[in-house]
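Asker: Model the full structure from these sequences, guided by the hints.
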Amino acid sequence: MSQDFAIKVIGYMYESIMETMSRLPFSGRYWMEEIVQGTALRVLDEHSSELEITSDKPIDICTGYLHLLDNKGFLKASDYHLRQEGEEIHVQVNFSRCVYRDFCVQVQDKEIPLYCIRMNALRAVLKKFLELDYTYSIHVSQQENLCHGRLFPNPLPRGEIVIREGDVLKIAGDRAMLLPMATYASILGSIKEHAPHVLVHVLYDAGFQSGLRLARRARKMYPAAGECLNILLDELKQHGLGRMELVSLEPGAGRALIRCHDSFQVDSIKKYGELYRTPRVVCDLLRGTFAAFLTELLQQNIFCEEIQCQSMGNSCCEFLTLPVETQLSRGEEV
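Using the UniProt record's numbering, read the sequence shown as starting at 1 and increasing by one per residue.
The hints are simulated quantities; they were obtained by calculation from the structure and are not laboratory data. All C-beta atoms in this analysis are idealised placements derived from N, C-alpha and C, irrespective of residue type, glycine included. Wrong hints could be hidden among the right ones.
Lysine to aspartate or glutamate pairs mimicking EDC-like chemistry, simulated, CA-CA at most 20 Å apart [unchecked claim]:
| id | residue 1 | residue 2 |
| --- | --- | --- |
| 1 | Lys127 | Glu235 |
| 2 | Lys237 | Asp262 |
| 3 | Lys237 | Glu144 |
| 4 | Lys170 | Asp267 |
| 5 | Lys128 | Glu87 |
| 6 | Lys76 | Glu52 |
| 7 | Lys8 | Asp102 |
| 8 | Lys72 | Glu52 |
| 9 | Lys237 | Glu227 |
| 10 | Lys192 | Asp102 |
| 11 | Lys170 | Glu34 |
| 12 | Lys57 | Glu85 |
| 13 | Lys128 | Glu50 |
| 14 | Lys128 | Asp45 |
| 15 | Lys72 | Glu88 |
| 16 | Lys170 | Glu227 |
| 17 | Lys220 | Glu235 |
| 18 | Lys76 | Asp4 |
| 19 | Lys271 | Glu193 |
| 20 | Lys237 | Glu19 |
| 21 | Lys72 | Glu50 |
| 22 | Lys57 | Glu88 |
| 23 | Lys127 | Glu193 |
| 24 | Lys127 | Asp102 |
| 25 | Lys192 | Asp205 |
| 26 | Lys57 | Glu87 |
| 27 | Lys76 | Asp60 |
| 28 | Lys76 | Glu34 |
| 29 | Lys127 | Asp45 |
| 30 | Lys8 | Glu19 |
| 31 | Lys128 | Glu227 |
| 32 | Lys220 | Glu87 |
| 33 | Lys128 | Glu235 |
| 34 | Lys220 | Glu52 |
Distance windows between CB atoms, simulated [said to hold, decoys possible]:
| id | residue 1 | residue 2 | range |
| --- | --- | --- | --- |
| 35 | Arg101 | Tyr184 | 39 to 47 Å |
| 36 | Tyr184 | Lys76 | 50 to 58 Å |
| 37 | Gly189 | Val105 | 19 to 27 Å |
| 38 | Asn314 | Val105 | 26 to 34 Å |
Answerer: Rendered as structure tokens:
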């Protein structure tokens with residue numbers, strides 16, 4: 001069997017695993033990472049005597065691992081350009097030279113979130129030698145045909161990891177519960193019955209408060225606003241709120257255009273009854289959540305409006321964020 005064919009088979013295997021994991025409501029990406037990192041650790045265990053690491057610097061540890069794979073004929077270490085800035089390691093490789101390029105192309109064509117096998121293997125190697133958790137970000141520059149990766153320490157637990165400890169369900173170490181949509185709808189129905197005038201405000205504020213906590217945690221790991229916002233939107237998708245899409249972001253103007261496909265709030269009112277007397281946009285919880293994300297990421301007071309909604313026959317829900325000052329200048333209530 002040729003080596004090129006063997007590498008393709010490995011790519012097919014990872015692609016199949018990724019497709020399966022992407023259908024899991026929680027933790028799919030985490031378990032994919034466990035599989036990749038476990039494979040890297042097996043390679044280290046089997047060939048530890050051949051591994052040459054010149055120091056305990058993260059860049060030297062990564063370089064030593066790449067040279068081990070080079071010696072085994074799996075890749076060319078010279079294709080990878082590494083540099084260290086403080087605790088961060090920047091990795092650059094020509095996309096056409098990456099052994100996992102076919103895997104990356106296939107998963108992107110299927111709209112599976114970008115996932116880098118090589119960066120996750122390096123995370124495993126760093127954790128083994130430094131006993132420190134790393135995370136990563138990846139950007140593919142189509143124009144330059146380059147992949148730019150960044151590895152950096154991650155002091156926080158992953159937000160989507162779901163485990164059970166005895167009788168307690170936990171997400172990222174905190175106790176959690178799975179709330180059926182019928183229960184959610186009954187709570188809203190009770191608010192509508194006893195205090196209908198506060199329903200919109202309660203939902204918006206609940207979304208804002210919960211979104212603020214998520215954004216504060218994520219911003220510590222992903223300081224770049226655009227990258228962090230995409231991470232947060234993907235987390236909402238993992239929680240079952242809908243498929244989020246960042247259409248545009250203008251940080252200087254405080255503006256973002258976000259779409260939500262298959263909003264859980266729209267499905268809730270369709271199945272369990274209308275909350276309002278007349279047709280209107282209904283995704284007030286998401287409005288508050290998006291406002292909180294942008295408020296934290298841009299460090300200014302941001303408001304969010306839903307400008308179209310699937311509940312009114314549109315193909316998706318669409319949200320626009322603006323600075324609070326802009327809303328006040330229009331004479332609108334915040």
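Asker: Look at each hint and say if it fits the structure.
Answerer: To see whether the hints hold, each was checked on the structure:
no.	hint	in the structure
1	Lys127 to Glu235	violated (24 Å)
2	Lys237 to Asp262	holds (10 Å)
3	Lys237 to Glu144	violated (31 Å)
4	Lys170 to Asp267	violated (26 Å)
5	Lys128 to Glu87	holds (16 Å)
6	Lys76 to Glu52	holds (16 Å)
7	Lys8 to Asp102	holds (8 Å)
8	Lys72 to Glu52	holds (13 Å)
9	Lys237 to Glu227	holds (16 Å)
10	Lys192 to Asp102	violated (52 Å)
11	Lys170 to Glu34	holds (18 Å)
12	Lys57 to Glu85	holds (11 Å)
13	Lys128 to Glu50	holds (16 Å)
14	Lys128 to Asp45	holds (11 Å)
15	Lys72 to Glu88	violated (27 Å)
16	Lys170 to Glu227	violated (26 Å)
17	Lys220 to Glu235	holds (16 Å)
18	Lys76 to Asp4	holds (14 Å)
19	Lys271 to Glu193	holds (18 Å)
20	Lys237 to Glu19	holds (16 Å)
21	Lys72 to Glu50	holds (10 Å)
22	Lys57 to Glu88	holds (11 Å)
23	Lys127 to Glu193	violated (54 Å)
24	Lys127 to Asp102	violated (27 Å)
25	Lys192 to Asp205	holds (16 Å)
26	Lys57 to Glu87	holds (9 Å)
27	Lys76 to Asp60	holds (16 Å)
28	Lys76 to Glu34	violated (25 Å)
29	Lys127 to Asp45	holds (14 Å)
30	Lys8 to Glu19	holds (16 Å)
31	Lys128 to Glu227	violated (27 Å)
32	Lys220 to Glu87	holds (14 Å)
33	Lys128 to Glu235	violated (27 Å)
34	Lys220 to Glu52	violated (33 Å)
35	Arg101 to Tyr184: 39 to 47 Å	holds (43 Å)
36	Tyr184 to Lys76: 50 to 58 Å	holds (53 Å)
37	Gly189 to Val105: 19 to 27 Å	violated (47 Å)
38	Asn314 to Val105: 26 to 34 Å	holds (32 Å)
Of the numbered hints listed earlier, those contradicted by the structure are 1, 3, 4, 10, 15, 16, 23, 24, 28, 31, 33, 34, 37.
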